[in-house]
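S.K.: Read off the chains here:
Number of protein chains: 2
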Amino acid sequence: MSRTIAVLGGTGAEGFGLALRWAQAGETVIIGSRDAKRAQEAADKIKQRAGAIAKISGMENAAACAAAELLVLTVPFEGHAALLKQLKPVFRSGSIVVDATVPLAASVGGRVSRTLGVWQGSAAQETAELVPDGVSVVAAFQNVGSEILNAEGPIDCDVIVCSDDIEAGKTVRALAAKIPGVRAIDGGKLENARILEQITALLIGLSIRHKGHSGIRITGLPPAAYTGG
Amino acid sequence: MSRTIAVLGGTGAEGFGLALRWAQAGETVIIGSRDAKRAQEAADKIKQRAGAIAKISGMENAAACAAAELLVLTVPFEGHAALLKQLKPVFRSGSIVVDATVPLAASVGGRVSRTLGVWQGSAAQETAELVPDGVSVVAAFQNVGSEILNAEGPIDCDVIVCSDDIEAGKTVRALAAKIPGVRAIDGGKLENARILEQITALLIGLSIRHKGHSGIRITGLPPAAYTGG
Chain A
263 MSRTIAVLGG
273 TGAEGFGLAL
283 RWAQAGETVI
293 IGSRDAKRAQ
303 EAADKIKQRA
313 GAIAKISGME
323 NAAACAAAEL
333 LVLTVPFEGH
343 AALLKQLKPV
353 FRSGSIVVDA
363 TVPLAASVGG
373 RVSRTLGVWQ
383 GSAAQETAEL
393 VPDGVSVVAA
403 FQNVGSEILN
413 AEGPIDCDVI
423 VCSDDIEAGK
433 TVRALAAKIP
443 GVRAIDGGKL
453 ENARILEQIT
463 ALLIGLSIRH
473 KGHSGIRITG
483 LPPAAYTGG
Chain B
263 MSRTIAVLGG
273 TGAEGFGLAL
283 RWAQAGETVI
293 IGSRDAKRAQ
303 EAADKIKQRA
313 GAIAKISGME
323 NAAACAAAEL
333 LVLTVPFEGH
343 AALLKQLKPV
353 FRSGSIVVDA
363 TVPLAASVGG
373 RVSRTLGVWQ
383 GSAAQETAEL
393 VPDGVSVVAA
403 FQNVGSEILN
413 AEGPIDCDVI
423 VCSDDIEAGK
433 TVRALAAKIP
443 GVRAIDGGKL
453 ENARILEQIT
463 ALLIGLSIRH
473 KGHSGIRITG
483 LPPAAYTGG
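Protein chains in written order, with this note's numbering: chain A, 263 to 491; chain B, 263 to 491.
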C-alpha cells in the first residue's frame, strides 16, 4: 500500500513518537509543523533513529496535508480547530483524518488530568464538523503516551479505533497494528471518541500519581477482536 | 478485620457477583434488596456456591445498611438517588459507601453503551451529595462486569478506586484485592469517577460488538501501584 502518512503537529512529542514508529515500520511519513524548518529537523532526527532507509520528510502543515491522504492530528487542543480551518481548502477528497487530540483542561490553564467539555461530544467529533465533505474522521491513539512511543521496544497498550466510516476504521487499525505491541480494536462509532479522550486524562493522572507511563489493555474479547482486521 | 459488607441491590447480577466473591474470600456479607425474601434467596444461592462456611445473609436494603459499615451500591441508576434518600436516616456514622453505579442511558430507555450526563459529574459524586456528613464515598468496581464476577476463576480486570477520603480508599482497595486476579489501583479523587463510569459504557459496547466480556488492565505503572496498599 503506497499511502503517505502526514503527522500534523509532528514536532510535538506525541506526533514525533508516532512518526518514528511508522518510519521504523517502513511507512512513508511526512512530519507537518507550523514551521517547515522545525519539521525538517524532526524528520532528520527520525532518520537518525530509524536508519537512512526511513522514508521521512518535513513540511509546513498545509503542504504536508496536501501531499498525503492519511493525516494524523497530534496538535494541542488549543490549536485544533484553527488548524482544521486552515487546512479545509487543502484536504484531498477521500482522505482520512486520524484524530489523536485530547481536550485537556491544560489547554485553558487547567489540569492535564481533567478534560474540557466539547460541545460536539469530543475533539474528534468537532473535527468531523470541520473537515470538508468526502473526508473521513477516525479517532485513535489518544491513549498511547508520548514517552512510551519515544522509548525503545514494543508498546504495552491497546489502540481503540472509532469511526463512522467502516473502511477508514479498518485502514487505521492496520496502521496502528504496525506499531510493535499495539493491538488495534474496533471501538465502534466516532461518538465513542469522547470516552477515549477521557481515558487519556485518567491515564495522565495515574502516571503522575504513581510515577509511571500508564497505558490500557482491553481484556476478555475473542482473539479476532485484537487482530486489527 | 471484623467488618461486615452490605451489598445493596445484591440480588442483581453485579451485586450478586461481588457478594459471591467476597463470601468466597471469607468476608461477612449481607445481601440487601427491596425484598427481604429475595435477598435471603440470593444469600442461600451464594452459600451453595461458596460452601456452608460462607458468612452470608439477606435483608431488606435499609436493614442491611443499618447492620454494616461498608456498603456497596449496585443498583441501576434509575433507583440510585431514591435508595440513597431512603437510607439517609439509617447510615451508621463513619461508614463507607462504595458506589459501583454507572449512569447508563438504558436507565431512561437509551443504550447501554452510552451514559447520561449527571449534574454532579458522576453517579458517585451524586452519592457524595446525598449521604449524611460523616459517611465517606468511594467509587470502584464499575468496570468489572457481572458475567466475569459470576464465572469461576480469577478475574482479568483491574479495579480503579477513587475517593476524597484516603483511608476509605485504602480500605476499599484492600477489599478489591480480595477478588482473585483483581489489582486495585488508587485512581485519585472522587471526581475521577466520571471516567470510570464512562469506561463501563465503552466496555459494554466492546463486549456487544466483539461478543466477549471485556475488562481493562492498566499497564506501565510501578509494582507498588498495583498492590492495593
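A portion of the hints provided could be inaccurate.
Since copy identity is lost for identical chains, a pair holds within one copy or between any two.
Here are the simulated SDA-like cross-link-like pairs (lysine to any residue), alpha carbons at most 20 angstroms apart as the crow flies [unchecked claim]:
no.	residue 1	residue 2
1	K473	T290
2	K317	E340
3	K440	R373
4	K473	R445
5	K440	Q286
In short, the hints are calculated from the structure, not lab data.
This one's a predicted model, so the numbers in the text were calculated from it and none came from an experiment.
S.K.: Checked against the structure, which of the hints given earlier come out wrong?
M.R.: Of the numbered hints, 1, 2 and 3 do not hold.
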